[in-house]
Structures are given as C-alpha cells and as structure tokens.
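Engineer: Chain residues, written in single-letter form:
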Amino acid sequence: QKEVEQDPGPLSVPEGAIVSLNCTYSNSAFQYFMWYRQYSRKGPELLMYTYSSGNKEDGRFTAQVDKSSKYISLFIRDSQPSDSATYLCAMSQAYAGGTSYGKLTFGQGTILTVHP
Amino acid sequence: DAGITQSPRYKITETGRQVTLMCHQTWSHSYMFWYRQDLGHGLRLIYYSAAADITDKGEVPDGYVVSRSKTENFPLTLESATRSQTSVYFCASSSRTATEAFFGQGTRLTVV
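Residue numbers (my numbering), protein chains in the order written: chain Y, 500 to 615; chain H, 236 to 347.
If you're looking for bench data, these hints aren't it; they were derived computationally from the structure.
Treat the numbers as computed from the prediction; the structure is a model and nothing was measured.
Hints may contain errors.
As the list claims (entries may be wrong) - Quick list of the computed label-pair ranges, beta carbon to beta carbon: (1) H:Thr321 - Y:Gln500: 24 to 30 Å; (2) Y:Ser572 - H:Arg252: 32 to 38 Å; (3) H:Arg252 - Y:Pro615: 44 to 50 Å; (4) H:Thr312 - Y:Thr612: 36 to 42 Å; (5) H:Ser319 - Y:Thr612: 42 to 48 Å; (6) Y:Tyr538 - H:Thr321: 20 to 26 Å; (7) Y:Lys501 - H:Glu314: 23 to 29 Å; (8) H:Arg318 - Y:Gly515: 41 to 47 Å; (9) H:Ser315 - Y:Gly515: 49 to 55 Å.
Idealized CB from N, CA, C, for every residue including glycine.
With the hints as constraints, model all of the structure from the sequences given.
Structural biologist: Set out below in structure tokens:
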C-alpha cells in the first residue's frame, strides 16, 4: 500500500464548476501538507501549503486537512480553463533531527481539464 | 537568474552509456532532491541532500549516483543507462526552515 493515495482521474468539468481533489495517507508522522500544480511539460509549482487541520483559503483555492481521518482536499471554486493541469498532493514529516527533513511523498497526481 | 535550473532539458542516450543531469539553484537552499516522474507512479524520490557533502538514498536509488561538493549544485549520474530509466527527472530544493520544495523545469531523458 502506498503511503499517499490520490485518484489519478482524469477529471473533466465545465468552466465555473467547483472542483474537489482528494488524497488519503497512512503515515501518521506526516505533518505538512502541500498541493502542487503542474502544467504540461513543466515542473510542479507550489499552490498551497498547510501544517494544521482545518481550512486554508487563497483566492479561489481552499486546502482542507483532516488529520484524524488522514485525508486532505483541495477545492477550486469558479474553475477556469487555465486551471487545467495535473494537481499533486505532497506531504512531509516534522523535523526530528537527522538528514531526512524536507523529503516529500507525493500522490500520483490528478489530471484536471476545465472546458470553456 | 534566480531560481533552480536543470540541464539539459532533453537528452537521448544509448543503453549502457553514462549520463549526468545537472541541477543548479541560486537560493542557497540547504536541501536538494532528485525525483523521477513516470505515468502511474507520480513523483518518486531518487536521492536527496541535506547539505554539501551529505546525501542519502530515496525510494528508487538503484543505478544512480549523486554528489554535492557545493551547496548550489546537485548533479545526478546514471552510471550505465537502462531503458527503465527513461523518465522525466526533476530537481528540487528547499530551505532549512521550510518543508515546501521548489522544482526545476525537468529533464526529459530517453534511453534507447
């Protein structure tokens, strides 16, 4: 079983729709949670970052973390064709000494297409 | 230019050849990482480095070698390329106080 599971999709929605992207994880040591967006033939770019349970908003994007259920979500409101990309969840452990701090474990990525 | 850059962007090589992928960052980040991205597997960690001269294996290190003599550079070498190493390779870096990583544009490697 993978430490981080993400539905690869693909997900296709009309412009203006609300999009929900989800990941589950099994490692209780994960304390930091990120969402990356990756356009075709580009490197992943950081979209959202959070380290606590609850919601974090940034414009049309909301990141939600439920540590008790080991479940994270990314919501996109009023989706736009420019949101069409692959979305990757990523997680890392808290600093506990040693050299392994900062390693990210990724989900498979969800391919999203927003149609005009 | 500030940021993280990878070279080359595209590379075709033959089975058995040695190949080195370059990564350079200008932020003086302590941590650097090499990931490979394949369909169905997402991003998988190959090697990482916490500082100059400190490196460690990730999830899929076999067939790869890294070095980090300077903070800003983190080259990845395929000692004897195999077709299974055909992939897109991403270098990333992060600071000592943050966990989010910043990625380069990737190197698309094809082994024939």
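Engineer: Evaluate each hint against the coordinates.
Structural biologist: Structure-based check of each hint:
1. Checking the proposed 24 to 30 Å range against threonine 321 of chain H and glutamine 500 of chain Y shows it holds: the Cβ atoms sit about 27 Å from each other.
2. Take serine 572 of chain Y and arginine 252 of chain H: their Cβ atoms lie about 44 Å apart, and the range 32 to 38 Å is violated.
3. About 45 Å separates the C-beta atoms of arginine 252 of chain H and proline 615 of chain Y, a value consistent with the hinted range of 44 to 50 Å.
4. Here the CB-CB span from threonine 312 of chain H to threonine 612 of chain Y is close to 37 Å, well matched to the stated 36 to 42 Å.
5. The hinted window of 42 to 48 Å between serine 319 of chain H and threonine 612 of chain Y is violated, with their beta carbons roughly 30 Å apart.
6. About 22 Å separates the C-beta atoms of tyrosine 538 of chain Y and threonine 321 of chain H, a value consistent with the hinted range of 20 to 26 Å.
7. In this structure the supplied range 23 to 29 Å holds for lysine 501 of chain Y paired with glutamate 314 of chain H, their Cβ-Cβ distance being about 28 Å.
8. At roughly 44 Å, the beta-carbon separation of arginine 318 of chain H and glycine 515 of chain Y lies within the given 41 to 47 Å, and the hint holds.
9. Here the CB-CB span from serine 315 of chain H to glycine 515 of chain Y is close to 52 Å, well matched to the stated 49 to 55 Å.
Violated hints, listed in ascending order, are 2, 5; each of the other numbered hints is respected by the structure.
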